[in-house]
Amino acid sequence: MRDETSILTPTDHTPQCEQTRARRRLLCALVVALLLLPAAASAEVKIQAYALPSNGGYPHDVAVGADGIVWYTAQPSGQLGRLDPASGKVELVSLGSGAAPHGVIIGPDGAPWVTEGGTNAIVRVDPTTREVKRWPLPEARGYVNLNTLTFDKRGRVWFTGQNGVYGRLDPATAAMQVWDAPRGRGPYGITTTPDGAVYYASLAGSHIARVDLDTGAATVIEPPTKDQGARRVWSDSKGHIWVSEWNSGNVSCYDPAARTWKTWKLPGDHPRTYAVYVDAQDIVWLSDWGSNAIVRFDPSTEKFETFPSDRRGANVRQMLGRPGEVWAPESGADRLVVYRTR
Amino acid sequence: MSEPAGWALVALAAMVTLASTARADAARGERVFQRCYACHSVVAGETKLPGPNLRHVLGRRAGTLSGFAFSPAMIAAGAGGLTWTRATLDAYLANPQAVVPGTEMGMPGGLPSPVDRQDVIDYLAEAARSSTTSPPSR
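So the sequence lines, in the order shown, correspond to chains A and B.
Going by my numbering, the residue at position 232 of the first sequence is 232; the numbering climbs one at a time, nothing skipped.
Going by my numbering, the residue at position 89 of the second sequence is 1089; the numbering climbs one at a time, nothing skipped.
Hints are not guaranteed to be accurate.
Which chain A residues stay away from chain B? Per the calculated CB distances, all over 10 Å, these [to be verified]: (1) D170; (2) G216; (3) D227.
Derived list of chain B stretches under chain A, where covered just means 3 residues or more per stretch with a C-beta under 8 Å from a C-beta of chain A [to be verified]: (4) 1034 to 1044; (5) 1077 to 1086; (6) 1098 to 1106.
It is worth saying that the hints were derived from the structure and are not from the lab.
A quick note: this is a predicted structure, and the numbers were derived from the prediction, not measured.
Ideal placement from N, C-alpha and C gives every residue a C-beta, glycine not left out.
Make a model of the complete structure from these sequences and hints.
In structure tokens form, the structure reads like this:
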């Protein structure tokens, strides 16, 4: 590959005869074609769906570990599901009476961590023993409608509560703090950038916010579109914050260093952008309820590509992945769907 | 005390008990409504939330509140005759997808407890009568 690239680099500026130039153009065209072939192959997407058991369906959020095991929240039945994609086998772990889990991520310890909205607690499930450990929110806070969580680079869990809070748990000490969100109800998706900054989106508040990791203070950052309904956020490798805008049907991107925004409307007549996830190649994956599809966006070309679901009302509420895989829980179709890019 | 007067007292006591029970249920319903609060309001004029304002929802045709962008599924349900009564609201809250397939309401499990459902419906009914309904307490 290095040799082929060097051929494309115009380093020789000495005059040449026309025949030599023609041969060189042909060679360049051949090399360009060879270079594009692997790129085209990597752009191919293989889609596979996994049906879920009826007593553990309606997946809300999903997370895949480095080992390829997939965990999902079966919200109506109060369980955490575990899918082994190699066998298709699904195991269900009860999160206890009254549970209605919303978010799930894989922590730095390799375990699934859950925002357990039904019982107002942060929950860890041991991936080996299936032991369920709980950190309830302070009683005085009341029900906060826990939504999503993320780890910072100091081993602490940050979480959102849609009723107007965000908080932090240090699992090492069990210390938990909960703060009122600056504009009340709405905190929804949350993400950590590669340099460790934490941002959340406020759906009802139509903004994103950056959290001070020491003081816990949240600074509101306004997207350019009014009342856009910022639902979820995800960071790319450069620390740019990608935002799925539910009301506007946009995807937007905030550059924290330049403090600038870019915004794109999803394809279709009435897009409703629910989930956003940015993969290891900085390709942006979105779910659009308006077109009942997964949408892939390449920021370098600003082109969208749509993958309609083959089920009505698939209702993908979140996406997560690992290199080469993007997982989408079809809550309305009782399936986990993976988009494999290699 | 004459017999009619005695019955009147009993009836009055029953009415007081019923009224206080209703109040207690609505009060409990306010706590249940915290599960809905992130997306819905019962405060007059409070819009721009992810879900429609639920003030005066009882008696309203589904998917018809002016100014809210309902899902096609909810609009179709309303066009098909679905009106929010205590019974239809109870069924919807028990299993949203069964009553309105394709609804966008982000509460797939609904409210499993029949008591919770009745209490929150009481709260919605009371909110419609009140001129000073405030957001639910934390």
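Evaluated hints:
Distance check on D170(A): its Cβ is at least 23 Å (rounded) from any Cβ of chain B, clearing the 10 Å threshold; non-interface status holds. Non-interface call for G216(A) relative to chain B: holds, since the shortest CB-CB distance, roughly 18 Å, exceeds 10 Å. Look at D227(A): its CB is around 6 Å from the nearest CB on chain B, not clear of 10 Å, so calling it non-interface is violated. With 5 residues bearing a CB less than 8 Å from a CB of chain A, the stretch 1034 to 1044 of chain B meets the requirement of three and the coverage assertion stands.
Only when three residues or more bring their CB closer than 8 Å to a CB of chain A does the claim for the stretch 1077 to 1086 of chain B stand; here the count is 0, and the claim is violated. With 4 residues carrying a beta carbon less than 8 Å from a beta carbon of chain A, the stretch 1098 to 1106 of chain B meets the three-residue requirement, and the given coverage holds.
The structure is inconsistent with the numbered hints 3 and 5, although it conforms to all the rest.
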